[in-house]
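Number of protein chains: 2
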Amino acid sequence: MPIHIAIDIGGTQLRAAAYHPNSLEPVTVMRIPTRDEHTTPLERLQFLITQVWPKDETVIGIAVAAPGPTDPYRGVVIEAPNIPGWVGLPLRNYLENHFHVPVALGNDANLAALGEWMFGAGQGHAHLIYVTISTGIGGGIINDNRLMLGTHGLAAEIGHVTVIPDGPTCGCGSRGHLEAVASGTAIARWVREELEQGAKSSITIDEPITAKVIGEAAQSGDWLAVSAIARAANFIGVALADLLHIFNPSAIIIGGGVSRTGPLLLEPMFTTMQNHVMNPGYLEDLILRQAAFGDDAGLMGALALARTNFPE
Amino acid sequence: MPIHIAIDIGGTQLRAAAYHPNSLEPVTVMRIPTRDEHTTPLERLQFLITQVWPKDETVIGIAVAAPGPTDPYRGVVIEAPNIPGWVGLPLRNYLENHFHVPVALGNDANLAALGEWMFGAGQGHAHLIYVTISTGIGGGIINDNRLMLGTHGLAAEIGHVTVIPDGPTCGCGSRGHLEAVASGTAIARWVREELEQGAKSSITIDEPITAKVIGEAAQSGDWLAVSAIARAANFIGVALADLLHIFNPSAIIIGGGVSRTGPLLLEPMFTTMQNHVMNPGYLEDLILRQAAFGDDAGLMGALALARTNFPE
Numbered sequence: 032m033p034i035h036i037a038i039d040i041g042g043t044q045l046r047a048a049a050y051h052p053n054s055l056e057p058v059t060v061m062r063i064p065t066r067d068e069h070t071t072p073l074e075r076l077q078f079l080i081t082q083v084w085p086k087d088e089t090v091i092g093i094a095v096a097a098p099g100p101t102d103p104y105r106g107v108v109i110e111a112p113n114i115p116g117w118v119g120l121p122l123r124n125y126l127e128n129h130f131h132v133p134v135a136l137g138n139d140a141n142l143a144a145l146g147e148w149m150f151g152a153g154q155g156h157a158h159l160i161y162v163t164i165s166t167g168i169g170g171g172i173i174n175d176n177r178l179m180l181g182t183h184g185l186a187a188e189i190g191h192v193t194v195i196p197d198g199p200t201c202g203c204g205s206r207g208h209l210e211a212v213a214s215g216t217a218i219a220r221w222v223r224e225e226l227e228q229g230a231k232s233s234i235t236i237d238e239p240i241t242a243k244v245i246g247e248a249a250q251s252g253d254w255l256a257v258s259a260i261a262r263a264a265n266f267i268g269v270a271l272a273d274l275l276h277i278f279n280p281s282a283i284i285i286g287g288g289v290s291r292t293g294p295l296l297l298e299p300m301f302t303t304m305q306n307h308v309m310n311p312g313y314l315e316d317l318i319l320r321q322a323a324f325g326d327d328a329g330l331m332g333a334l335a336l337a338r339t340n341f342p343e
Numbered sequence: 032m033p034i035h036i037a038i039d040i041g042g043t044q045l046r047a048a049a050y051h052p053n054s055l056e057p058v059t060v061m062r063i064p065t066r067d068e069h070t071t072p073l074e075r076l077q078f079l080i081t082q083v084w085p086k087d088e089t090v091i092g093i094a095v096a097a098p099g100p101t102d103p104y105r106g107v108v109i110e111a112p113n114i115p116g117w118v119g120l121p122l123r124n125y126l127e128n129h130f131h132v133p134v135a136l137g138n139d140a141n142l143a144a145l146g147e148w149m150f151g152a153g154q155g156h157a158h159l160i161y162v163t164i165s166t167g168i169g170g171g172i173i174n175d176n177r178l179m180l181g182t183h184g185l186a187a188e189i190g191h192v193t194v195i196p197d198g199p200t201c202g203c204g205s206r207g208h209l210e211a212v213a214s215g216t217a218i219a220r221w222v223r224e225e226l227e228q229g230a231k232s233s234i235t236i237d238e239p240i241t242a243k244v245i246g247e248a249a250q251s252g253d254w255l256a257v258s259a260i261a262r263a264a265n266f267i268g269v270a271l272a273d274l275l276h277i278f279n280p281s282a283i284i285i286g287g288g289v290s291r292t293g294p295l296l297l298e299p300m301f302t303t304m305q306n307h308v309m310n311p312g313y314l315e316d317l318i319l320r321q322a323a324f325g326d327d328a329g330l331m332g333a334l335a336l337a338r339t340n341f342p343e
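Note that the protein sequences, when read in sequence, are chains A and B. Numbers 32 to 343, taken from the working numbering, label the letters of the first sequence in order. Numbers 32 to 343, taken from the working numbering, label the letters of the second sequence in order.
With the rest of the complex left out, here is chain A (with noise of 0.2 Å):
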């Protein structure tokens, strides 16, 4: 039977898995840490393909989610955060000419939309919204059943709207993006404040505060965490309802690991769309879901990506 490979780059962690068509199940899957003392990612991402390649099966393409900005076009990876040496990276080149299989290249994050879209939250979803608010914020848009993609690929970057003018600079340069206010990062940072500044809480100063932390506080009923995590939802409502205007979606779906806290989460955010949406038309028939897909996205936004450039 033919096979699509599909991979995941992270900063931590490289994953492949080969798919037969028609099922979610992999024939094969391995993960490797991205660096180690002796070899280069780019060896290590090598080693893996070879690891999951079929015997006596023909892989018909290779795709792959890589973090940070990518360009799907030209196939190249502009600059993966963690991945010292990766910028304007010619990946689809590098790995076609080794593997000789065509190869294809996204956004994690962007391919995470395309994930839901055809296999998991947002099924059925012409138009969609995907946001992944994790130590950054990133999201993918699917419009009128295809992802969209921008001129350079650089598109859907929905950490970087503005949602405070003048606010708290984010890690691009650029001041008051939602980034740097919503991300796990952002709401660790505010916890982290007001505990200097004397508030209660079952967290204390003296451990590592991190995203995880204070959702399972905000899960047992912190005040403090529920607050964080509903002040990080205010901000995400703010761009939601934005995104609602621009793009009248039927489908929101929130991923990444603060969305683990659920209705934490979901609720305050949904309660901000509805005061800042302009008429009610935009929130008929919407849904807003936590993704189907937690550690497996960008795996199964890769295997998305193979199945729809690479039909069988």
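Read the hints as simulated data drawn from the structure, not as lab findings.
With beta-carbon atoms standing in for the labels, derived distance ranges:
1. B/T59 <-> A/P199: 54 to 62 Å
2. B/N306 <-> A/E127: 38 to 46 Å
3. B/E88 <-> A/N176: 31 to 39 Å
4. A/Y104 <-> B/M32: 34 to 42 Å
5. A/P199 <-> B/P115: 46 to 54 Å
6. A/L314 <-> B/M32: 44 to 52 Å
Glycine included, C-beta positions come from ideal geometry on N, C-alpha and C.
For this one, chain A is given, so just place chain B on it according to the hints.
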């Protein structure tokens, strides 16, 4: 020869024109006031169409640009500002039953984007954002050579992107939307307030203060007027930076009355975009320019829709 009929419905004027294929020179063109004391706007529209209807040629379709929210899928005018009674009006069905030719309907700002893309300042740009700044702020977006509509046709409401959370109340009832701080109406309001507080200007508080008056004063170098335009441009630039991150277009086209101030608007707008964009990739190959069509924007848009939906 086959004929397309294009209609532009405005609050004050109804316009219609008949076109041969491959020509932007109308065979017939006519305009009448939207309202009079004896007939309804719908009767007047019907009359107008019969006036441009060709005697010896075949009409292959009518396309209509309507103000306010429309549902292009169902062919319904959801609500037309300044046309009393046009709420949930099934205009497509009405015209098809009356004229026995296929009819298509769209929001005027959306269609203006389509017109600029097909015939005007946006030709050759697969990904394009059009913003019209007049009394209100509207928009249209071309993604991958297609007009973006969304689930119910409510997409591209660029005027209702939040630029100041908890800012001034917008006409839609929400707060801090772009339209509430950067439309012609908002520009005029700001100038009036500044004059009331003693600001110096060639504009006096006794005359009617409109965006047109302010634009003319700005062209003559009036400091307050120049500041008013630049202030609006700054807000629009923030919103456009967001849209660059979301769409990664290769062209931004600015239309509407306020755009006639040209560089006074576009230069501060571009500076703000530069300051707010997360990386220079979004500005690479980007063009920012005035729309080609002024008062003809709606008519050209309707013609573009007719040629898209009803090819010969």
